[in-house]
Amino acid sequence: MSIAARLEGDHAVAPVAGVPVGPAVLRAEGISKRYGTVTVLSDVTLDILPGEIHAIIGENGAGKSTFMRLLSGYVEPTEGTLSMAGGRVHFTKPDQAQAAGIALVHQEILLAEALTVTDNLFLGRELTRGGIVDDVRMRRVAAAKLAELGCEVSPTALVGAISLADRQLVQIARALLDEHKVVIFDEPTAVLTGEEVERLLAVIFELKARGIAVLYISHRLDEVQRLADKVTVLRDGKMVGTYPGHMLTQTEMARVMVGRELAALYPQRQAVRTDQPMLSVRNAVVPGFAQDVSFTVHKGEILGFAGMIGAGRTELFEGILGLRPGTAVIELNGSPIQIHSQREAVDAGIGYLTEDRKGKGLLLQERLGPNLTLSALASFHPGIILRRAREAEALTQAVADYDIRLKSLGVKAGQLSGGNQQKLLLAKVLLTNPSVVIIDEPTRGIDIANKAQIYSFIQDLVGQGKACIVISSEMQELIGICDRVLVMREGVISGEVWGETMTESNIALLATSERAHVAQGGTQ
Amino acid sequence: MTALTQSAPARNDRQFQFSWTDAGPFLALAVLLVVGFAVNPDFLSTTNLGNVITRSAYVAIIAVGATFVISSGGLDLSVGSMVAFIAGITIMFMNMMVPGLGLWAIPVGMAIALLAGLLCGLANGLIVTVGRIEPFIATLGTMGIFRALITYMTDGGTIPIDRSLREAYRPVYFGTLGGIPVPILISAVVALLGAFVLYKTKYGRKCAAVGANEDVARYSGISVIKTRTVAYVIQGACVAIAAVCYVPRLGAATPTTGQLWELQVITAVVIGGTALRGGKGRIWGTIAGAVILELIANLMVLSDFVSEYLVAAVQGVIIIIAMLVQRFSR
Amino acid sequence: MTALTQSAPARNDRQFQFSWTDAGPFLALAVLLVVGFAVNPDFLSTTNLGNVITRSAYVAIIAVGATFVISSGGLDLSVGSMVAFIAGITIMFMNMMVPGLGLWAIPVGMAIALLAGLLCGLANGLIVTVGRIEPFIATLGTMGIFRALITYMTDGGTIPIDRSLREAYRPVYFGTLGGIPVPILISAVVALLGAFVLYKTKYGRKCAAVGANEDVARYSGISVIKTRTVAYVIQGACVAIAAVCYVPRLGAATPTTGQLWELQVITAVVIGGTALRGGKGRIWGTIAGAVILELIANLMVLSDFVSEYLVAAVQGVIIIIAMLVQRFSR
Amino acid sequence: DKKVIAVSIPAADHGWTAGVVYHAQAAAKEINAAFPDVEVVVKTSPSAADQVSALEDLSASRKLNALVILPYTSEELTQPVKAIKDMGTFITVVDRGLTDASIQDLYLAGDNIAVGANTAKFMIEKLGGKGNVVVLRGIPTVIDDERIKGFEDTIKGTDLKVLDIQYAHWNSDQAFKLMQDYLAKHPHIDAVWANDDDMLLGVLEAVKQSGRTDIKLALGGNGMKDIVKKVIDGDAMTPVETPYPPSMIKTAVYMTVANLVGQAPVRGHVKLDAPLITQANAKEYYFPDSPF
Ligand SMILES: Nc1ncnc2c1ncn2[C@@H]1O[C@H](COP(=O)(O)OP(=O)(O)OP(=O)(O)O)[C@@H](O)[C@H]1O
Ligand SMILES: Nc1ncnc2c1ncn2[C@@H]1O[C@H](COP(=O)(O)OP(=O)(O)OP(=O)(O)O)[C@@H](O)[C@H]1O
Ligand SMILES: [Mg+2]
Ligand SMILES: [Mg+2]
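Protein chains in written order, with this note's numbering: chain A, 1 to 524; chain B, 525 to 854; chain C, 855 to 1184; chain D, 1185 to 1476.
Note that these hints are calculated values from the structure, not bench results.
Rough simulated footprint, nothing fancy, chain D against chain C, three-plus residues with beta-carbon under 8 Å:
#	stretch
1	899-905
2	1003-1009
3	1162-1168
These figures come from a predicted structure and were not determined experimentally. The beta carbon of each residue, even a glycine, is placed where N, CA and C say it ideally should be.
Chain A on its own, in the form it takes in the complex:
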């Protein structure tokens, strides 16, 4: 009997061995959180020990982020208490929690885009000398902190101008700037790739070694397995249980999270790829990001784009699709087309799912229906009048199809959990019924059960005779679903792998080294 199965019935905390034991640095007792009539968390009790890495896992919408926000003063609990070092604490503002030694790295990027990296890092706690802000010293410290995380952005760059990954690293650096007792990471690696993830994990181990308690949320169960001393599983706002980390396999974690047996993560590959070119791009140039990139995706094919962060994949496609300045010779189904704006791309049947769902994907203050149909306004609402009833139907359909977990259809997009926002975004893009779908980071922040679902969606799309391009920083994901993977490095395509050469090591080699000697190609 596996541990997971054994613990399904009783919620007892499994005895923990081999991890430091001591008085809890932070204790949450009987925590509940309700928004109006909606219960998001109910009766959660958790001890966080110093020098311990404690992972929280659960499906999208399980309440993980809400719980973390609650621990760090961003929201107040409806019921329950927090205590630190024995004494009760009550945070009404994040800075109170920070003062008490609790820092949170948000799931969603929370930085001021109009300010520089350094300004953001030191916001509210600037270093001064004689009352004058000491920019020189702040920049030096910022550069050091960022370098520790492997982030190479200039400390004086505007946050609005750096990539999402770099923003995430800035956000992490911000949390690590001061000495804290508890550091909470909410899906810190969702926008990071291999090397950055490794550095971050090293940093986390160093925190642990210094006796700092770390709370860690991720949908990447391999990371959880490597890091966690303890794993707490949340489902539907309730505690399922806390388990010793080393005793759970990834499969077991997934099963406890979902509460049922999971099918295989990657769908059975069906041979639907044809040799009929669907979208071909020649000599794409996006100034500053990509030079002379050419590729073709065929009907029924899933084409992957791999690369390190900063390889220029996102910018390449934004350039091709008219979202930023760039030039390319584009043929769709054999006939040349011009794309100057996203509108023309949508009309031509090319759908693009952005990697930045909060900034560029969804209207967070708007309800779900209008968000869903925003890209498809023309096709979804023929004539000039909105079809509200159809929209409501489509939303109900999308909620079912994509398993969007929500408490009420009347919520605003910003009130959905991160993963569910991603699913809504996917539904939005596919509503335009594109024949070529370009998905930038399809499963960012998606839980494992839904990942499988999204993969089978992509499989279904190409099954219907569409073509699909997947840009992803998760190599396993690309290998799992793609027919062929192009690897980008510093704005150019550095190689192509398929069949048996499509391995993590080959992709990593192409993505990083100056002159990769990878046997390209393979057999289908």
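Mind docking chains B, C and D with the ligands on chain A? Use the hints.
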């Protein structure tokens, strides 16, 4: 899936939901009516209320257009001088055409006014969107331009409308249809159309999306430039309609016509619950806002408490209180 | 730590970086000077430039405060009438104190002016932040209030300063120090102080943060209410300083003092490169903006091309062109 | 039942209108105290449109026995005043005549053309028929237009040359700036005419600052007390003034009351002259307590 069963009550929720934010301006309106009655019982007489609502029609009509501009994330400070400019053009053309066309000069002149409004709006829109100039500055610039043009057209004096047109044109302001003054009907039609476009059409969605988050709109295939420009064009059309209604009231255009209306218009829109930073528009709130402003001014005339010098202060205080009431009644 | 060695090049980057955006207003200024000289060589005469820059000092001083308000995400439409109100109060107090204090009435009056400015700014700030009213509307309300108060205080006429103070006070506007007119010196000091506070103190950072993203600021433990209120208080202080410089110029306050200055001030700030949506402030750009505005007006008078009726139009066009040049020179 | 007299005037937005408001309110106070069965209501309006609104409001809520109005503009107020007349109200119009003169039961006017013309005549005489003049005009309205017309028509045919004419919005501040610029632009100016005394204050300050001696005359108009004082004191640069007394509103209110309660019907047109105020007669025009 559980989400499906939960969805039904969710939709009902929404339909029967009573939103304090939306009700705010109407509440403020009601309070004002009660206060007005207490101050001077004549306040609620049909004649007086009829007058006030008829007068608020101009600002209301223009403010419907401003609701589009503001909810799409723009701002238009030029509407006041645009009214003067269009009124001037309209009168000039009508007077010019009267020898040839007789009374037909009126409808033709109205068509010209509309055209002029659309073009003025287009100019504003293009400067803001294609020129990428802060709307505040761009429309402050065109405000000066329109004001100067009307001053030039009138040689600093007035352009009165031809006597022969006067009587025929009068009913557009002073007439009634089924007992309701024409300007009220016109503004009701404009508001209905505005509400229809903003709430029921694709364009309305685009407008709100562009105002809420330009990037999201762009990535959703919505042309920010086109959407926002069209909002300014709608604004121009509304100004033209207001100008056409305005001409018979005073029978002339002068360089001071419509002065400071832009501030009234923006105030009406904001009192009505539309956020100045864009993303949502409330047509009916805007109409309530326009009526509120006119009622306050009326109350100042009807009451005898306030020194003439302090009228502006009392108006300012009432507006701030109205906004406070709205904020904290949520 | 390796990062230490890496940080050096990053810093050099910044120091030698030439930013077109930052240079924009100064470029526009230079172009304007050249055009001005071409139009009328007298334009560059010391007297003329001296007059113009001295005149721009008021708007510049107020605009320094406005840079704080705007970069913190606010707006203040009341500054023009606040100048009039404070000038009125100052004169009243000085006249009242002259029998007892003699010439000491001037510095004491100045102190009272400053106090009044701080209080007016505080009132604006609290209405906007604690009252959570859209700054546009809140300050439109107080604009009416201040304007009405000065009208009331003057009975619609003027409050002239006591004859015995006039000569002693005159140098604050007409005097020079080391050959430089006093108002220019004062505005330079205000700008220096403003730049110091905005760029070199914690408060300046908070200001920008609050304007850039309220949520982020709040989560960083910055009090949005406090920060923005202080910005309005700074604005009030700047208005008071401008009023104190203003009084000796004509020796009186009237209900028309400072009319429409708010628009000039905001235009100066925006021409200077500060974004109206907040998050960044450019003090030196603001100063350039204020001078540009005054130069344009001066150029209109010195050139003979433009009909008196069209002056406002040409000014509008020049401002729009200046903004376009700035946008596309990036 | 009290007899109601409504007085509708522009809001105090510069010195002269402030004077109108002051005299109207003084008249109302005096009459309300003196005649228990008469009620005088004074309402100010900041624009023509607002004035029309105020007329509507006043007549909607009570029966007006008489209306004393100083209209913003003739064209725009003619119809609305006619509407009130049709209700049987006695109409007194001050300063600006309506386009349909038959509406006016009583008309009391200043003479804006004469303000311009008399000033011009004095200048021609004083400068010997030739010289350079700069002019500051107010806000683009009929009043401003007529004064300028009176001035320009009078100097036609003489060697008096208008070097420059620009708007300064009846605002002393803007006049100060404009005068500074005139001085920078024109090396020789013989005379300045600001068509309102508010502006003249700014002009004098600018001339004083420049230290220039070529300017022989700086004239205004309207009869502001500070300027009349200068005339009394024998100022060299401003030796004369043209009156355009805001107190005409008070005269009109009194005449209207006389018509209403007195035995003598008062009707017809009264035109106030705009004679030059010189040192000889200046004392008659000096009211130190008025705000204007
Ligand atoms: N302000 C709010 N109002 C209403 N419901 C909310 C609000 N904030 C969160 N929720 C709901 O609470 C639930 C839990 O959200 P939470 O963000 O904590 O999930 P999560 O476990 O972090 O999911 P994910 O893995 O997708 O990030 C979701 O169903 C969400 O819709
Ligand atoms: N604002 C910027 N200015 C200059 N160069 C930039 C800027 N932002 C990113 N870059 C550079 O552009 C390239 C591509 O950036 P980006 O990180 O978005 O690529 P990507 O392959 O899409 O990666 P990911 O989507 O995983 O973040 C990198 O060389 C990066 O350093
Ligand atoms: Mg989450
Ligand atoms: Mg990317």
